[in-house]
Every structure is written in structure tokens, then in C-alpha cells.
Amino acid sequence: MRSKLNFFSDEKFRSIFFQTLVIGLFALGIFFIVQTTAYNLEKRNIATGWRFLTDPAGFDISFSPFIDFKSTDTHLDVYFVGVLNTLLVSVCGCIAATILGFLVGIIRLSSNWLLVRVAYIYVEFTRNVPLLLQIILWYSILIQLPRVKQSLEFLDVFFISNRGIYSPRPVFETGFSYVFISIILAFISSFFIRRWAKKRQDDTGKQFPVLSSAFGLIIIVPLILYFIIGSPLSFDYPALKGFNFKGGMVIRPEFIAMFLALTIYTAAFISETVRSGILSVTKGQREASASLGLKKSWIMRLIIIPQALRVIVPPLTSQYLNLTKNSSLGIAVGYADLVHGFGGISLNQTGQAIECMVIVMATYLTISLTISVFMNIYNRSIQFKEK
Amino acid sequence: MKKLLSILAVSVFAFAANAGTLDDVKNRGFLKCGVTTGLAGFAAPDDSGEWAGLDADMCRAVAVAVFGDRSKVEFITTTGKSRFPTLASGEVDMLARNTTWTISRDVNLGFEFVGVNFYDGQGFMIPSSLGVSSATELDGATVCIQTGTTTELNLADFFRLNGISYEALPIETNDEGKENLFAGRCDVYTTDASGLSSTRAAAADPSKWLVLPEIISKEPLGPLVRHGDHQWGDVVRWSLNAMIIAEELGITSENVDASKGSNVPEVLRLLGVEGSYGEMLELAPDWAYQIIKQIGNYSESYEANVGPDTPLEIARGLNALWTQGGILYAPPFR
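As you go down the protein sequences, you meet chains A and B in turn. The working numbering puts the first residue of the first sequence at 1, with every later residue one more than the last. The working numbering puts the first residue of the second sequence at 1, with every later residue one more than the last.
Only chain A is shown next, with the shape it has when bound in the complex (with noise of 0.2 Å):
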């Protein structure tokens, strides 16, 4: 008996012991989770597995930018179709989301009374209306535009109506590989000058004009190429046949009312972030930089940007994860993206609903994890570095 109250009153036996006991009841609850699970789809005699994913999928998915999509591809392909737009709409939301957000934040901080009025009534508003009634407000009025056939024209190439944004598309001939390849070049060795330069301006305190010679490389060079091999690229304009525009590039009032709503509604967040951000920099520091000489914007720059990003990162990866999961409202507008495609008309013509699901949570989880360990990499980046 004592030897047992003994056991009990050693700290680290006890919380082995509680920890033990804590896995092990959640194991147990899982366990018949997913038994009872199993029990009842048997006993209403639902099939399961995972076989459904090899058969042909027999519907169409209109909007796959990456993949030639048929209707006798199977569900896996569905699933990929899927993955990629909700990628797409992610990645164009994020970046755009990230400009607007750090422009109204700025904004707000500016000494302009009618452009802070403004941003500030924009965040409040967007911030206090729920995501879902902005993308179906986004996706009525571009239903509104005109017909297809009373499209608006601009350049005699672009045309829009409520079928989307139609544009030339280019098309890329032979030795056009070489520009690209230039481009790259151009971008590598600029990496590559910018840190020379900034080596030397440690070194020497000379300075060299990184910027313009980076210009020359990334635009000018593969420009001069492209003329000597003789303009080895033409464009595929969009013309009016039949029902629809054919050719060109189009970009439907789905996606657009996703990346507008989700642009939109995430910046506001990023905003306030962005103003908490460079507010979080004490005025010592703006103070002192500028009587070192410093001009406005180096200030800002060098000075207040450095330092206010590690308050900023971690509360943007989390907008950035919000965005990506948000995009599967794309639903309520039928934007093709994992939820809709795979998670919704998958599930719903093979009936396998717990298998769909699990795959696209498990997808979901997959990106964000993803979005979190980068942002956690660059966030690590910018921390202040003891020496």
C-alpha cells in the first residue's frame, strides 16, 4: 500500500501514467468512431473503399486551366482538376490579397483625412459581412454584364460579358524556349548581382544600381533575343462563333467572384495587420533614423518594414490559411475548385461520402500545413539575429 502511494507521489511516474491514460481514451474513442462507422454503412449496405476512384467519372468539368479534362476520366482526376483550381484561386488571392492589404494598411497610417476615412470605412465593412453573401454579391452583379452577344469590346480583342473576360492568348513557337530561358538566367544572375553589391557596399560603402541593371537583364536582354530570332511568338485572338467566344484565353465570373471576394475580404484582415505591424515600431525609431539623414522612404524601408514584419508574419500566414480554406465556398457560385468538383458532385454520383471527405480534409490540412511550415521558414528569416 505505501509502496503504491509512493508511485503516485513520484511527479514523473504521475504524468507518464495521465498521459497514458489521456491517448489512450482518445485512441479508444476514435476506435469506435470509426467502428461504428464501419458498422452502420454495412448494415444500410453502402459500399466502401476506395476503388471508385479509378472509375470513369462520366460528368464535365468546364473550368480546368491545367488538365484537358474528359468525361472519361476517372474521380482521381477529378480530385487533381480540383486541387489545382483551389490552388489557383488560393495563390491569386493570396498575393493580391498581400499588395491590397499592405497598401490600405499604409493608407490608414498616412496623414490624408479623405484616403484614411476611406480605408478605414472599407475595412470595417468588409471585415463585418460575411465572406459567403460577398461572393454571391460579387457573382450577381457580373451575371449582370451583357449577354455574349452584346459583349463589351475594347481593342477589338478583349471582350467582356457575363460569360467572363475573353483575351488573346499567346502561343508559343519554336525558339521561344530561348527567351525563357534568358528570363531565368536574367533572374538568377540578378539574385547573384544583388548580393555582390551588397557585399561591396558593406566592403567599400560604394553603392551599385541594382535595380535598373536588373531591369536590363530580366526585360532587355530577352527582348534583343527575341527580335534576332524573328518574334517567335503569335497570339490566338477570340472570336464570336456560334454560342460562345472561341479561342483566346477566358477567365469565367466564377473565378473572378472568388478571387474578388476573397481578395477583397482578406485584405481588410491583412490591413489591420499590416497598421498593428508598423505601429508596434517605436517612434524612438522613426525619430532617430531621420536624424541620421535618412530620407521618407528609406525610413520606411530599411527602418520601420524590418522591423514591423515580425509582428506582421505570423498573423498573415494565419489570413493566408483562412483565404485557402475560405475558397471552398467557391461552391455557392460553382467554381470547380476540391470541394465542389471532388468533395460535391464525386461523392455525390458515387454516394462514397466519407471517403471523399476524408481525402479533401486530408488536402486541406495538407496545404495549410504546408503554407504554415514556409511561412514559419521566412518568418525564422526575419526574426531579429543576435550576433
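If you're looking for bench data, these hints aren't it; they were derived computationally from the structure. Given the structure is predicted, the values throughout are model-derived calculations rather than measurements. Heads up, some of the hints might be wrong.
[What the hints assert, rightly or not] Below, a sample of chain B positions facing chain A; criterion: calculated Cβ distance under 7 Å:
#	residue
1	L109
2	A156
3	S165
4	E167
[Said to hold, decoys possible] Taking lysine-lysine and the DSS-like style, the derived pairs with C-alpha atoms no more than 30 Å apart in a straight line are:
#	chain 1	residue 1	chain 2	residue 2
5	B	K26	B	K81
6	B	K81	B	K218
7	B	K26	A	K43
8	B	K208	A	K241
9	A	K43	B	K81
10	B	K178	A	K149
11	A	K283	A	K296
12	A	K241	B	K81
13	B	K26	A	K246
14	B	K178	A	K70
15	A	K149	B	K208
16	A	K70	A	K198
17	A	K70	B	K218
18	B	K26	A	K70
19	B	K81	A	K325
20	A	K246	B	K208
C-beta atoms are modelled at their ideal positions from N, C-alpha and C, and glycine is treated no differently.
The hints should help you fit chain B onto chain A, whose structure is shown.
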């Protein structure tokens, strides 16, 4: 510990097991019936907020068979996507929701189709101003389509077979389809021909819309229940059959009382004067009499909801009795 585990396991499984649906419905005091979110003629609230339509009548007929009261039914709206999980989870006792009877739904999803209350087929509706007269001329068109339906699969097959291209615009409900078609976001709306007639009737100017002559699929629509509860399946099946047999025998809601004195044996059996068919189904002896009295026979329900005199203007066609050139046929009542 082992004992505790087994108690836990038993309680979990006991929770999952359910009694017969008929008993559940009787104990609850009303029927839960899954219908569409609103498809005029099949199931949609009328001017006074009462659900009306061919499918709504099907629900009411079952409620009458069980309770003898047409009002003892709760209508639960389901979308094309939500209907099957709603039925499978037991949230509704039956579906009467323009649902096509297919092998995969019957077998793989674990449901049981108990009959057909409307023989339909998939068609196309376009603005008449497009000047198209056949579905094969639809190359390149944008087509609005309800997701999670058999029509979605038929559509892909049809265009593939004919080697013409199209762009699908997936939508969730019939209302969304209407909105997109009327706004010109899509050129064509495709669904069951009956649904098209219903949509066309709801347009501001129906004459501006055209239903193309092609019917590209078989769509037998009927009520369904969960697999494995045969007693309940029988109740729903014979509620439908009773309405069809009543039409065959010429019994209507008006002459049903007089028919009780008929000398035709099948009439007497149907109305519960002879035999104990109600008892076999665990229903009241006059269950079929009440259905005919309160709802009417199949023809009355059809003419009142979707027939030529309604805005839908759908002729009987395939849905006429087998004796009158259609394929409506119920097994004998004996």
C-alpha cells in the same frame, strides 16, 4: 475493463440500430417526407403555403395510408445533393423527389425504389431567339446543369456520342438554373422534360422559351425508401399502386363512396370491404379508400398538378395507363 468495453460497444451499436420505420412513423404521429426545394407541379408550396404537386400527393397518400389524415406529413426540402444523405441518415422516412431509378442508386447507395410515379426523360430548353431546332446543333453552347443528378451524366454521354463540345455550368438548385438561363449566363438548361416545362411555365414570357424535341434519356422518377425495411417499402409501394389501380378501376374521389357498393371484386378488395389487405400491411382496413377519398386516383393527381390544363401542360404520354397507350401498370390487387 473488458466488461466495460463490451457494455460500451453494445450501447454504441444499440444506438445505431433502429426499429421499423412504420412503427417510428406511427409513434411520431406524422410522416417526414423529402421533397424538392420547389418544382412547380411536383412539389412546391402553393399560394396558401400548402405543399402541392405530384410528389407532394405521393407523400400525402402515404400519410393517409398510415394515419388516415392527409395533413399528418412534414415536408422536408432536399437538394439534388442532400437528398440521399438525408434519407440514409433517417432524417426523412421516404423521398418523393423527382428521383431517377438507377442501378447504382438502388444497389450501391442502399435504397429501394418502390415504383415509378412519373416516366420522364431528359430534354433541353433554349431561348427561341437562338433559332436552334435540334440538340445536335448545340455545338459550343454553355449548358446549365444541376449537379449530382443523372442528367449530368447523360449530358456528358450525349455530347460525347455526338462528338460536339459544350461547356457545363454546374448549379445546385432549379432556381439557380432558372436565374442563370434567364440572365444569359448559359444558352441551354437541361433537366428532365417535366422540370423544363415547370421552369418554362415560371418564365415571364413562356413563349420566348423552347423545349427541344430530343429526349436523351430514360428517367423513371419514383419514391424511394431505405434498403432493408421491407414492411415500410411495401406501405409506400402500395400507396402508389392503390392510386394507379383506382384509376384503372375508374374509382375517383367523387365516386369512391358509391363504389363501396360495387359488384366488382377488385374494387371491393381495394376499398377494404372484402379481404384483410390493410391488416397485412399493418394499416387500417380502409387505407386505400382513404387515399382515394382524400387525395384522388393517379389521374386526378396528374391532371390537377401537371396535366394539360395546368401551366405545365404535360400530356399524359408515357404516363397514361397501359390500357390507354402508356406504360403505367400496377400489379393486381389480390
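Here is how each hint holds up against the structure:
Nearest Cβ of chain A to the Cβ of B/L109: about 4 Å, under the 7 Å cut. The hint holds. Taking 7 Å as the C-beta contact cut-off toward chain A, the hint placing B/A156 at the interface holds, the least distance being around 4 Å. Hint status for B/S165 relative to chain A: violated, with the closest Cβ pair at about 10 Å, above 7 Å. With its C-beta approaching chain A no nearer than about 4 Å, B/E167 sits inside the 7 Å limit, and its interface hint holds.
Using a Cα cut-off of 30 Å, the hinted pair B/K26 and B/K81 holds, with the two alpha carbons roughly 28 Å apart. Our distance criterion of 30 Å between C-alpha atoms is met by B/K81 and B/K218, whose separation comes to about 20 Å. Between B/K26 and A/K43 the CA atoms are separated by roughly 23 Å; this keeps the pair inside 30 Å, and the hint holds. As the CA atoms of B/K208 and A/K241 are separated by approximately 23 Å, the hinted pair is consistent with the 30 Å bound.
A threshold of 30 Å between alpha carbons decides the hint, and for A/K43 with B/K81 the separation of about 22 Å falls inside it, so the pair holds. This hinted pair checks out: B/K178 and A/K149 have alpha carbons roughly 20 Å apart, not beyond 30 Å. Using a Cα cut-off of 30 Å, the hinted pair A/K283 and A/K296 holds, with the two alpha carbons roughly 14 Å apart. Proposed proximity of A/K241 and B/K81 is contradicted: the alpha carbons are some 35 Å apart, above 30 Å.
This hinted pair does not check out: B/K26 and A/K246 have alpha carbons roughly 60 Å apart, beyond 30 Å. Restraint check for B/K178 and A/K70: the C-alpha separation of about 26 Å stays at or below 30 Å, so the hint holds. With a CA separation close to 17 Å, the supplied pair A/K149 and B/K208 stays within the 30 Å bound. In summary, the hint linking A/K70 to A/K198 is not supported, as the alpha carbons are separated by about 52 Å, beyond the 30 Å threshold.
Taken as a hint, the A/K70 and B/K218 pair is honoured in the structure, with Cα atoms around 23 Å apart against an allowance of 30 Å. A distance of roughly 49 Å separates the Cα atoms of B/K26 and A/K70; the hinted pair therefore is violated under the 30 Å criterion. Proximity of B/K81 to A/K325 is assessed by CA-CA distance (about 22 Å); at most 30 Å being required, the pair is judged to hold. At most 30 Å may separate the alpha-carbon atoms for a hinted pair to count; A/K246 and B/K208 meet this at roughly 26 Å.
The structure fails hints 3, 12, 13, 16, 18 (numbered hints given earlier, in ascending order).
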